[in-house]
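> Protein chains in written order, with UniProt numbering: chain A, 1 to 316; chain B, 1 to 316.
Among the hints, erroneous ones may be present.
Which copy is meant is left open, because identical chains are indistinguishable; a pair holds if it fits in one copy or across any two.
[As the list claims (entries may be wrong)] In silico lysine-lysine, DSS-like type, Cα no more than 30 Å apart, as pairs:
1. K285 - K215
2. K215 - K304
3. K95 - K215
4. K296 - K33
5. K226 - K215
6. K30 - K198
7. K12 - K175
8. K293 - K307
9. K296 - K307
10. K304 - K12
11. K198 - K296
12. K152 - K307
13. K304 - K198
14. K198 - K307
15. K30 - K202
16. K119 - K152
Everything labelled a hint here was simulated from the structure, so no lab data went into it.
Number of protein chains: 2
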Amino acid sequence: MHFNLKLKEMNKLLIVGTVAFDAIETPFGKTDKILGGAGTYIGLSASHFNLQSAIVSVVGDDFPQEYLDLLTSRNIDISGLEVVKGGKTFFWSGKYHNDLNSRDTLATELNVLADFQPKVPQNFKNADVVMLGNLHPMVQSSVLDQMEAKPKLVVLDTMNFWMDCALEDLLNVIKRVDVITINDEEARQLSGEYSLVKAAAKIHTMGPKYVVIKKGEHGALIFHNKEVFFAPALPLEEVFDPTGAGDTFAGGFAGFITQSENVSFENMKTAIIHGSNLASFCVEKFGTERMLKLNKEEVVARLKQFKSLTQFDIAL
Amino acid sequence: MHFNLKLKEMNKLLIVGTVAFDAIETPFGKTDKILGGAGTYIGLSASHFNLQSAIVSVVGDDFPQEYLDLLTSRNIDISGLEVVKGGKTFFWSGKYHNDLNSRDTLATELNVLADFQPKVPQNFKNADVVMLGNLHPMVQSSVLDQMEAKPKLVVLDTMNFWMDCALEDLLNVIKRVDVITINDEEARQLSGEYSLVKAAAKIHTMGPKYVVIKKGEHGALIFHNKEVFFAPALPLEEVFDPTGAGDTFAGGFAGFITQSENVSFENMKTAIIHGSNLASFCVEKFGTERMLKLNKEEVVARLKQFKSLTQFDIAL
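Work out the full structure: start from the sequences and follow the hints.
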């Protein structure tokens, strides 16, 4: 028997974000330098979907081969992950307070990140979805400049730091994206509005048609014009380490959109749930530990929990 | 043609809670003494359902006839609302901070509430549902003592004040109820657990089979053994005055359960949504103003918003 089967090529997700060392302290313990970075968490999260992904980032030659192998073992293309000879990898260290909702940054060593010039691999210049992880907005813009085909969706994550010290660059890149993901305080800072409904409306006028507001343990909202959808965070017995939860959320969102080739608002609702679901695992252990051991059965079982957590019958 | 139609009597909801004067200050303005009190908000909220209700409470003879008429105009039985001759009505005054999530109490004048002995009207001693609004736990217990038939459901609301100064009485009444509604900080205080999942599990062991944890603008959770359901608060452009939101929530919950005669966990999910829906109106104006003008069409339209806010499709 002979099959003339033409397999459709998997959709492509291009990720830009830090690949880094983190040292974390929580009320439950502390770590030495471990694998971290927004690009890492986004990539690991997105690897739960049927897609091709690549990370554009930079590390020093102190970055262990073992960590690089770990990324490639997840089918993440790292040809755009520059290794700077004699350079040191970006390092972040932080200590979480008792409630895990706030943290102090103990150290930020930019190292090779200071002069990072992103280079998009040729075969990802036509990526279907681009996920711009939290980085200098000029780096985010540079990635978009290199695209040869207009992506179906561009998602941008950022933080208050860039609002404080690179606002003009940030506003320039925000103009160019479809979806922005920020936390509630950042949405308030960026918009000057306290009400998240008003903040989202104002951020719409800056460019993004979709505004995702992350509220940590209080879930996430996605606004699209007058429409709004809410995904709760799963109530957990223990939150061990919140590091990477926001990036894991973004990676799940972008990953599901890439796989499903559907950028409707209805599909984004499902994408937000996938993101929340994956993030709920991330916080259960230090760093990437939980994400590295996560299997499909666990993911599906918890998606069922999300359904029973939120779905109700009402006669109208 | 002759119909021999036998109408089923409506189910009964017995409410105990303060009927009071409030003076409120928010970033948007301030009020003189206006109608307030947990019993008032619960009663107004529950009046959106098809049921018979009665409020057991106490006021002074400074309480305007107009306010009493307002309650009876909503079909609320006030034969258990004692008017103390020469007495002064309970008065509370508070000022909300800019974020509306916290407030300072400016005045608490117990007045007639200090010696309140609740008297359940005879025809409500067989009420289907009892809603014990926030009051001294001895008063709440006394209402239960007067019941002649076991209610299908007893719901209790309380606050940190009673945990601080009447814990033993509180634990005694908590033992006797099916559902407790408290906020997140109170759940942590009552249980000694930071995680709300663990807090709910511990409060289960104190008696209530259902633990509702109110998180204000962050929604509400209901726990039942290992099951959990979450209702978000509707994202609003403006929150004007949070006073009474928790009581309105409880009144909607208890009202829907009373009407539907169904104390299953699935039905409680719907009840939580009804409570959240009604509370979303309460906060839009000062005091009871919005609740007094609320019509059925507005309620149904917003329930549809709750559906689109939370319902999603996911293939599992």
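> Checking each numbered hint in turn, tell me which of them this model violates, lowest number first.
none
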